[in-house]
Amino acid sequence: MEKEIILETIDLSAAYGDNWVVKSVNLAVPYNKVIAIMGPSGCGKSTFIRCLNRMHELLPGTKIKGQVLLEGENIFDLPPTTVRRRIGMVFQRPNPFPTMSIYDNVLAGYILRGEKLSRAERDEIVETSLKKAFLWDEVKDSLHKRGTFLSGGQQQRLCIARALAMRPDILLLDEPTSALDPKAQAMIEELITQLKETVSIVLVTHNRAQAARVSDYTAFMYLGEIVEIGPTPQMFTAPKDPRTEEYLTGKFG
Amino acid sequence: MSTRARRIKDRIFKATILSLSLLTLLPLLLILITIISKGYSAISLDFFTKLPTPPGDPGGGILNSIVGSLLLIAIAVVISVPTGVGLGLYLSETRGPWASLVEILINTLQGIPSIVVGILAYLWIVKPLGGFSALSGGVALAIIMLPTVARATQETLIRLPTSLKEAGLSLGASYTRTIWKVILPSAMPGILSGVLLGVARIAGETAPLLFTAFGNPYLNLNPLKPVDAVPLLVFNYAMSPYSDWHQKAWGASLVLMVFILGINITIRKGPWKRR
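Protein chains in written order, with the numbering used here: chain A, 13 to 265; chain B, 3 to 277.
Read the hints as simulated data drawn from the structure, not as lab findings.
Quick caveat: nothing in here was measured; it's all calculated off a predicted structure.
Hints may contain errors.
Claimed, not checked - Not close to chain A: a few residues of chain B, all C-beta gaps over 10 Å, as computed:
no., residue
1, L31
2, I33
3, S46
4, P84
5, S176
6, L194
7, I267
To be verified - DSS-like, lysine-lysine: derived pairs with alpha carbons at most 30 Å apart:
no., chain 1, residue 1, chain 2, residue 2
8, A, K128, A, K152
9, A, K152, B, K16
10, A, K75, B, K183
11, B, K183, A, K144
12, A, K157, B, K183
13, B, K183, A, K143
14, A, K208, A, K195
What the hints assert, rightly or not - A partial selection of chain B residues facing chain A, derived with a Cβ cut-off under 8 Å:
no., residue
15, E157
16, L166
17, A169
18, T180
19, K183
20, P187
Idealized CB from N, CA, C, for every residue including glycine.
Start from the sequences, fold in the hints, and give me the full structure.
Structure representation (structure tokens):
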């Protein structure tokens with residue numbers, strides 16, 4: 013079991029000021045699986061996921077306790093830029109860089125980090141990343157146009173390609189489809205199930221059906237705590253905790 | 003209230019608004035018409051390419067003041083853009099007592115009479131260097147322009163979505179590189195508008211140049227020597243007793259007005275504007 017875990021949180025708590033919104037969470041992320049964290053708005057799931065790549069601490073007045081082990085190393089002992097390079101993130105709203113072309117958006121991580129690549133390497137990374145994000149066929153003839161001209165769903169896939177281009181070990185998806193139309197959402201869900209062959213995925217969603225459709229494991233988070241976690245089919249058919257059942261049957265959230 | 007009464011009220015209100023806006027437009031139109039009609043006859047190719055002639059001699063132009071104004075503006079831009087953008091960035095990124103103090107100081111600077119800024123530039127630069135210079139005039143104009151650039155930068159940066167900065171940081175970029183490569187380029191249209199607004203503001207300044215740039219009837223490109231400026235020329239020529247100089251002052255006013263109008267149109271219709 014030990015070797016199957018890529019990322020593990022140990023008693024992880026996070027706060028804004030003195031308001032602890034994530035309380036002693038222990039969660040293990042396995043290699044090449046999709047783990048979904050579902051829960052009602054305000055349950056702390058977004059804050060939790062933002063701790064995993066050290067984005068939470070960027071806001072003034074925030075606090076973190078506990079550990080996050082990435083292949084056995086505590087990420088709070090590593091430089092934040094290294095952690096974020098290895099753990100990519102896609103946000104709720106598509107946020108391609110408006111000043112950059114599609115091509116440069118995919119390479120943005122390298123450009124921003126000042127990592128030099130040869131022309132051939134750049135072309136290769138752009139093509140494979142866009143293919144992995146199911147976007148290549150739609151944009152291969154307009155790579156040097158601005159990314160902001162794409163539709164919302166295309167922009168989000170561009171952001172996924174941008175994260176994949178860094179070849180991360182883990183991809184954090186923070187409600188990646190909640191700002192998209194149903195068709196774009198279906199495409200991204202399909203994409204997520206394909207991506208786990210190369211990257212481990214943590215998906216935060218308040219959409220129960222989405223968690224059921226795409227994830228291997230599901231965790232239910234409520235009031236800052238993980239109420240229950242298990243293989244997705246079991247969670248949705250035979251939840252152990254009454255609160256999970258209430259949430260799944262739509263009694264709240 | 004009946005529909006009829008409401009319609010009459012509506013019409014009265016519309017008429018009031020229209021007449022009030024025409025009333026505010028009237029002085030502006032009068033200024034434009036006067037400057038164009040009086041300055042039009044002075045404009046010729048020579049006016050832009052020749053140096054002034056002594057009073058009474060026909061011909062001649064204001065090349066010295068146009069070049070001087072451009073030099074002064076260039077110096078002011080070189081000084082005020084890096085400092086103004088830096089200040090704006092600082093104010094948008096930081097909160098706290100120190101930042102609000104800086105903000106108050108910038109707002110105060112905006113209200114200082116330009117003649118006072120000229121006196122300060124005289125004390126700080128003209129006296130130590132032992133003479134009037136384009137540099138001292140440029141510094142005075144830079145101080146006047148600084149708050150405009152700083153405020154424009156700050157306001158543009160505050161309006162940028164935080165998701166942009168998060169996107170940069172989440173890719174493993176450092177804070178500094180995210181600012182340089184993502185935030186500032188995204189804010190460029192707003193910053194450029196601010197710089198142009200600042201240039202339009204200083205292009206017509208006369209008072210701070212009186213004892214800094216001083217004026218110069220000859221062509222000069224040396225920043226350590228006095229230069230002329232278009233508004234200075236207007237001032238000097240208008241004060242003179244010669245009617246042909248009065249004519250040239252009107253022409254120079256027209257040039258200045260068209261320049262400032264052009265900048266304002268560029269800001270409005272800026273080719274760099276997206277969407």
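(message) Check the structure against each numbered hint from earlier and tell me which ones fail, lowest number first.
(response) 5, 9, 15
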